[in-house]
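*Asks:* If you want the building blocks of each chain, they are given just below.
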Amino acid sequence: MDFSFSDDQIMFQEAVRDLLANECPPEVVRSAWENDTGRTDSLWGALAEMGVVGMTAPESAGGLGMDETDLVLLLEEAGRAALPEPLLEHTAVGIPTLAEAGGAIAEAWLEQAVAGEATLGAGTDGGYAVGAATSDLVLLIGDEIRAVPVAGASLVEHQSVDWSRRLFEVDGEAAVLDADPALAFDRAAGAAAAQCVGVAQHLLDATVEYVAQRYQFGKPVGSYQAVKHHLANAALKIEFARPAARHAAWCIAASDPYRSRDVSLAKALASDAVDLAARTALQCHGAIGYTFEYDLHLWMKRGWALSAAWGDAAWHRNRIAAALGI
Amino acid sequence: MDFSFSDDQIMFQEAVRDLLANECPPEVVRSAWENDTGRTDSLWGALAEMGVVGMTAPESAGGLGMDETDLVLLLEEAGRAALPEPLLEHTAVGIPTLAEAGGAIAEAWLEQAVAGEATLGAGTDGGYAVGAATSDLVLLIGDEIRAVPVAGASLVEHQSVDWSRRLFEVDGEAAVLDADPALAFDRAAGAAAAQCVGVAQHLLDATVEYVAQRYQFGKPVGSYQAVKHHLANAALKIEFARPAARHAAWCIAASDPYRSRDVSLAKALASDAVDLAARTALQCHGAIGYTFEYDLHLWMKRGWALSAAWGDAAWHRNRIAAALGI
Amino acid sequence: MDLSFTPAEEEFRDEARTWLAENVPAEPLASMDTPDGFEEHRAWEHILFDAGWAVVSWPERYGGREASLVEWLIFEEEYWASGAPGRVSSNGVSLLAPTIFDFGTPEQQDRFLRPMARGDEIWAQGWSEPDAGSDLAGIKTKAQRDGEHFVIEGQKTWCSRGAFADWFFCLVRTDPDSERHAGLSYLLVPADTEGLEARAIGRLDGEPGFAELFFDGARVHERYLLGGEGEGWAVAMATTGSERGLNLRAPGRFMAAAERLVGLYEELADSGSPDLDRRDQVVSAWMEAQAYRWQTYATEARLRGGAPIGSEASFMKVLWSELDVELHATALRLLGRDGERADSSWMDGYVFALSGPIYAGTNEIQRNIISERVLGLPRR
Amino acid sequence: MDLSFTPAEEEFRDEARTWLAENVPAEPLASMDTPDGFEEHRAWEHILFDAGWAVVSWPERYGGREASLVEWLIFEEEYWASGAPGRVSSNGVSLLAPTIFDFGTPEQQDRFLRPMARGDEIWAQGWSEPDAGSDLAGIKTKAQRDGEHFVIEGQKTWCSRGAFADWFFCLVRTDPDSERHAGLSYLLVPADTEGLEARAIGRLDGEPGFAELFFDGARVHERYLLGGEGEGWAVAMATTGSERGLNLRAPGRFMAAAERLVGLYEELADSGSPDLDRRDQVVSAWMEAQAYRWQTYATEARLRGGAPIGSEASFMKVLWSELDVELHATALRLLGRDGERADSSWMDGYVFALSGPIYAGTNEIQRNIISERVLGLPRR
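Chains A, B, C and D, in that order, are what the protein sequence lines are.
To get this note's numbering, take the position in the first sequence, counting from 1, and add 29.
To get this note's numbering, take the position in the second sequence, counting from 1, and add 29.
To get this note's numbering, take the position in the third sequence, counting from 1, and add 6.
To get this note's numbering, take the position in the fourth sequence, counting from 1, and add 6.
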């Protein structure tokens, strides 16, 4: 039993954090809100160059042969930066699922995807696939996994409250993958949990910073006990969601028999954490946080969306109940 | 639409409040915790003398011909004083139910009950009747109302966390009353709601008083914003439960078609209010509130018991859901 | 205590219900925080006014029908249940008008109330400043006497509806040497005053729901001073009372929203989507709306008995604002994967609701008021 | 990161589980807060000690088996899952022993640790005073030097297990002119000292779960001074760290309680009683216990990496104490009309749990610590 990360894992995390701090400031996130694609000009390329995009593929396919325990810290960073790129769909779900499926479809797509030359999307069958229009192949996860090439598919777009998340209903000719849909779903839910933790952490950090310097009634807002306790409560939720999310990543990587139950544990806790962090952040900011010009809402809305995506907290609590036999 | 009480109603309330303030201090409640009956020596007699005990009977039967809108304020006072007497079972449920049933059983019991010479108990069929051993006739409310004379009945006693509430399983020869069991149940639940409001109010008042004079870290405990907001939250719950409980009393008195739904509204809100008031009172008192010698726990435990009795908050929310058709 | 509605009250309810059924627009209007939507909502106010429903509790001479408080609550229940549009004139009608009734001169009353009620003049509040949000006593905007005029310099912010409003009611510092609560005055300022610029601020959803006001030598005649010079704090506090009290958010609004939530649950349950576990949240929201209803009618009786609506108004502010957030959050959760969609009235409602616990005194301040002024806990 | 247990850890778990299955009393012991129950629990401590399970993480010379922190956590999981009795020696073992290890002289360590571990000497804490609850710096009990002795005058309160304990570890003021944190010393006091009287205080359930201590010229030899004279605050704070940290309430305790709650739900659901709506509360409690488990193992890795267990311990205190209350409250709600019965282990557990958010620094203070020391918010 060892929760510590290796030096290599920490270094990889720091490298991605530095990249995002420099290349993914709020202006860049905003550009993805406003442009045609919902994505950035150069970040996906930069991540591909660092090996992040294809890291979950075996080395034989050009990847880094890394697993969810390596990826989880990067997903937290992606959340923290509100990165508008398909790290969840492509790297956490698409590549390992294609690699698992093998055969002709992996032959056709895997190396390109690892190199960042083709983008993989993912969504639920009957639901939405985020960013399908900028993907080349979309995996629709249901009772089976159907892979739909975007060229020739029909896409119906809906607007998300997070304008960088372009929601698509996808329909088209599909190949059924020889891969476990439950595992693919858990990869997505686990990755969403890690991102929720990162989003929540940013919301907390940004609010702590704001309330320490904002004065009302002659004192910093952050010196009022009510504000302190709001923030302590948000910190509590994050403190306990983070290890659960990391544990879920390990469960996926290690094929733990309780994987689905413990992914649900992580996603339910992380959804609740980011929901509370968003409410708290807004309330402690006051009116400034309620404006479009101020950056806070970029994370709030990412948090709302990720909290609901891939099963919200109540959905996952139900799945846990089933696993507990009640 | 008029929520105001008449001068007579207010005067009656004040008279009962004065009586209980003088005759039902915590020492008297404690005596009921420790003695054989769970009741006091003289309070029931005093209440009978004031006309309270039989107030809900028609004047023809020696009562005051009053209804639930007259009684509700007195039930709040009973809760506020943690009165260990069967105002709920006898006055709120037993008498009006017997009066409704009429016939031989009313003939046999009603006048005595109104005069306070016989005591009526009430409980759920298959559940407990509080204080059955000190009652003469117990009404068991289920799909029908069965009236069991205590003489000759078998009683099995269980201990409540509130030692003045003696819980009995009652079995014995019964007469089935010609009265509506749903109405009788609502009378009980509505009365419990009003008592919960009274208990909660006392818990809040006692805590406000304590924290205003208890110092920690050089300031009154009640000057800390965390403590203030705890108490404000308890006050909020009470503020909104009280009108709902009074409205429920009116619904019973006026045979409102939404009676059951709105009694459930009252009981669910009042149960939640007293639960929160009890938690808050204990937490704001700290260790002193956790002792047997200090009086706070008399109300806390009455609150726990009443919150669970006659359907707890979740049970009543389910009943509302059914009434809403969902 | 008689909680049945009188025959007159029932008749009033029927009349309102019938009129609304016949007149409420079939299609929702565009958002009132867009230029077109603002004018659509103004036109709806004209219709309400002309039929006598704009300000039911006001005197007839200003367009009301002198309805009782109970009748007003009934009207609000019917209004929101009918699905009628939001009230673009509410800042003026709810927040400013009570102050004009209490502190305005007869001339001011005649000048302002009727156009306000009809939506001919739509008002926005200019109280907050960048460094004075909940702490209004920190106001810095100055208005210096110059003969019969005040000359205003400074900045206001978070003025809801301010991007399109015709008039602003402002709190300004007329005594430059004063501090905190002293030396403030209450000024009514036409939006087209020279030296006043209103710049829209994007709300959470991107719409220009607020404005910032920049005053650079804006001249306002003293006839637009409401209450005495330097007495703005007392005048404003009267308005704050009504902002938090009965006038701002009647229970009918939340009862209607709760009924819609119940309907949403029913609809989704029929199509097999949602889980029974969430039913409890739906019921809780419905219950809170009902609790607010009965608490409001109980408050009405207290007021009629002569009690003031004082700090108890804080109870109502906390309840309705937190209920509104919870109710809409529950709806979004019920919607599952559709919960993140921007094009739903529930998301619009959620975004709107989120401002509730912040504005008109944050809920943290309301809880301070409850604990200090209602419960009597020590201030420090 | 490897979250599987090593073969050695699995072997340790198996050994503990096997021993517990064979040795845990079939019938629950009487309450440890009654005279008979106290001695029954003491006897159980002897059995644990003699089999090497009383203090698994301690050095062998004091009766431990030098288990790692992970192994200790595993032991706790197995211990509570087995339904074994509460630990009557926990105040000494969890709160005092870490301080003796850090600050005790070799003589003190040899004198105290083994009898403490075996339950031969059971300890109670004498820190709080009637006017110094959470605010320990307000301590007034005085201990005046008289040659090799200290002479103690004053009063302590809320001493859990104090009615039957053999020894007390006390915080007293040895410098009479000192204020707040200065001038305190940490003294170990035998219960049979002349001039010391322990009077039982009835806990919420009526059992004598606490005592008050009255010191009237009680003489204690200086060899019972732990740490330097006047350095009691620093010494005590080290103990407070462990009181809130890993040592006090291991996740295993709550995991076991959560499993019992799941079992209760299952049992009642089979008999048709409870409602599906309450299932969510059961699952939430189970989830919190799991979350606490993973957070604790994550903390173990941080500690092994050399990080101190500092203010983060406040996270754990808040979580386990509020979880414990919620978990038992949920059980009582599941029990419906039986929820008010005094003769259920769930009611006992609820009453016990209610003390959690109060003692060892109220949860309000813990949230202050989180916000000020972890998040870095301004103190005032």
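Any given hint could be a false lead.
Calculated lysine-lysine pairs in the DSSO-like style (CA-CA distance at most 30 Å, straight line) [to be verified]: (1) D:Lys148 <-> B:Lys248; (2) B:Lys248 <-> D:Lys146; (3) C:Lys148 <-> A:Lys248; (4) A:Lys248 <-> C:Lys146; (5) A:Lys248 <-> B:Lys248.
Don't read these hints as lab results, they were simulated from the structure.
Predicted model, so just to flag it, every value in this text is computed and none were measured.
*Asks:* Looking back at the hints listed earlier, which ones does the structure fail to meet?
*Replies:* Hint check: nothing fails, all pass.
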